[in-house]
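Taken in order, these protein sequences are the chains called E and U.
For reference, each letter of the first sequence is one residue, going 1 to 266 in this note's numbering.
For reference, each letter of the second sequence is one residue, going 1 to 329 in this note's numbering.
Because the hints were derived from the structure by calculation, they are not lab data.
Every residue, glycine too, gets a C-beta built ideally from N, C-alpha and C.
Any given hint could turn out to be false.
Some chain U residues well away from chain E (every beta-carbon gap over 10 Å; in silico) [what the hints assert, rightly or not]: (1) Pro56; (2) Ala110; (3) Gln126; (4) Gly159; (5) Arg185.
Covered stretches of chain E, going by a simulated chain U footprint (3 or more residues, C-beta under 8 Å) [to be verified]: (6) 63-74; (7) 225-237.
Here's the letter readout for the chains.
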Amino acid sequence: MVRRLFLAIAAILATAPAAAEPQVDPLKSPVWSDLAKKVFGEAPYVFDDAVKVSVPHVVENQAQAPIIADARGLADVKRLIVFSDLNPIQLAIALEPQAAAPFVGMRLKVEQSTPIRAAALTADGTWHVGGVYLEAAGGGCTSPAAARSVANWWDTLGEAQGRVWPAADGYSRVRFRIRHPMDTGLAKDNTPAYFIESIDLKSESGSVLATLKTFEPVGEDPTITLLVKLPPNETAISIDGRDNNGQIYRANIPTPRTDATSRQPS
Amino acid sequence: MNGARPPRTFDRRSLLKVSAAAAYLALLPRAEELAAAPLNYELKPTKLEDGIWMIPGAQDAITMANGGAIANISILDTDAGAIIVDTGPSRRFGEALVKLARELTGKDVARVYNTHFHPDHVFGNQAFDAKVIAAPQGVIDGLKVAGEGFADSMYLIAGDWMRGTEVVLPGVALTSDVEDFGNRRIRPMAMRGHTESDLVLFEENSGLMFAGDLVFLDRAPTTPHADIERWRISLANLGGIPHNRLVPGHGPVEEGDRGIAQTRAWIELIDAMIKDAFERGLDINEAIGLDLPEWTQKIAVARYEYERSVMHLYPVLEAERLPKLNNKS
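Chain E extracted, bound-state conformation:
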């Protein structure tokens, strides 16, 4: 588990520029200095209010805490990651916004109250870190998935739902939901880790819009919102996911027509 996590973090690291000055964590997390080394290695990072994290004031469902990470205040973001200091598995999601805004809405399992961070890697090799403190009762990472109490959960595995909304600022909003237990491997029922680990979004003509790496802390039945730049006249966005057992999940989300009736779901 730990080894895989390190590999995962290593895989998303930028090539390291010169070591940075130590930064004072505005959230005063007890693990920040170790965590920063683990996540950023030797790469420089700065705390930056341009990277915004939205969480609710109160979280009742610790297995589905809604999080929005938004780095649209920065230019040229290559990668946007979400992680939480005090979760047993810290890294939750990593977005490469090839033709998308550096923005992701998702649901996170939380094991206890913790800082929730978003970090955006800009083209100069610097990570820009934003975050908030999330109050939560906890237990989200060690509770069995709801699917595990359903005898035929397999029947709905991989079922996908989704919708695209046209937006005025050039980015279309896409939300999709894929049925998957997203087992952390830490649950009391001893179910091994079983989770979707990558989701690629492409336009119908094949151009890559965004690629996501997803990890165990992403909530069951991942429900993800992205802002993508669609080429003109595209009629669908394809999503192409894979879980850690090698199962492939593919679906097409139709795009609304761009004429006056475009507010209706297609």
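Following the hints, complete the assembly by docking chain U onto the known chain E.
For chain U alone, coordinates are given in the frame of chain E:
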């Protein structure tokens, strides 16, 4: 992780407390300061009429400051003994309630009702004999499933107020149309909407209607287990029952239908706002940020409860209303 069960002394609740304590160590008062300030609920009953009192709940969220005492709790004096409507948020509250009922009525407790399974209404059950605690079967079933989870949350939010509190299920499943206590007769009515099972009590002698959390007044309704459509129907039914005054689950006792009307207006408002936000494509945190209309400013914890309701209702909309996609293989 191995499969061995952790020892009982390290169950999840105590681990939660330890981890929460670790995170706040710097903020904690020292041990002697904690020991010097024993927590006591000061129950201040309001006399509704001869032989009937209500302990008004704080018009607030459950906090460390109020110890979870946010729901209205009622005591009725009858020939057969004291009747208690809901038991409050903790063992300590329940024990204070037993003492108060004895002082006010001079009698033993003949009957305790649980109007629904939420912790601010039933976690004082421990202070009573389970054999006198009555509720519809749905309330008992709900508490059986959710009680431990509620207890975890209550320990985290209300802390030491909860000390020693355990879930106690009602021992009597209510089925009768009327319960006779001599000078008072109670008509229990099983409804739904705020939760899967809501109990309304009408007392014939006084004409008082105890509506439980089907009615909130000047405090925003809560929706963690709500079925909005069922709630609408229950409010319509409540409005059709003649009564002198209505005792809401939260808020002041009044004549007339202001509580019913305000509760209806609130659930219609949030239902419409949340569905509209979903259709516009907003994600949960964006929907949480929307402005509420001005009339809600007079309602306690309106924004807090609106945020909670978004989180309760949005996942249901997503599961039901996001168009299904044709999977490719």
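Hint check results:
1. Pro56: Check passes; 24 Å lies beyond 10 Å.
2. Ala110: 36 Å, holds
3. Gln126: Non-interface label on Gln126(U) holds, nearest chain E Cβ at 21 Å vs cutoff 10 Å.
4. Gly159: Holds, because the least Cβ-Cβ distance between Gly159(U) and chain E comes to about 12 Å, which exceeds 10 Å.
5. Arg185: 39 Å, holds
6. 63-74: n = 4 at 8 Å, threshold three: holds.
7. 225-237: Since three or more residues must qualify, the claim that chain U covers the segment 225-237 of chain E is violated, with 1 doing so at under 8 Å.
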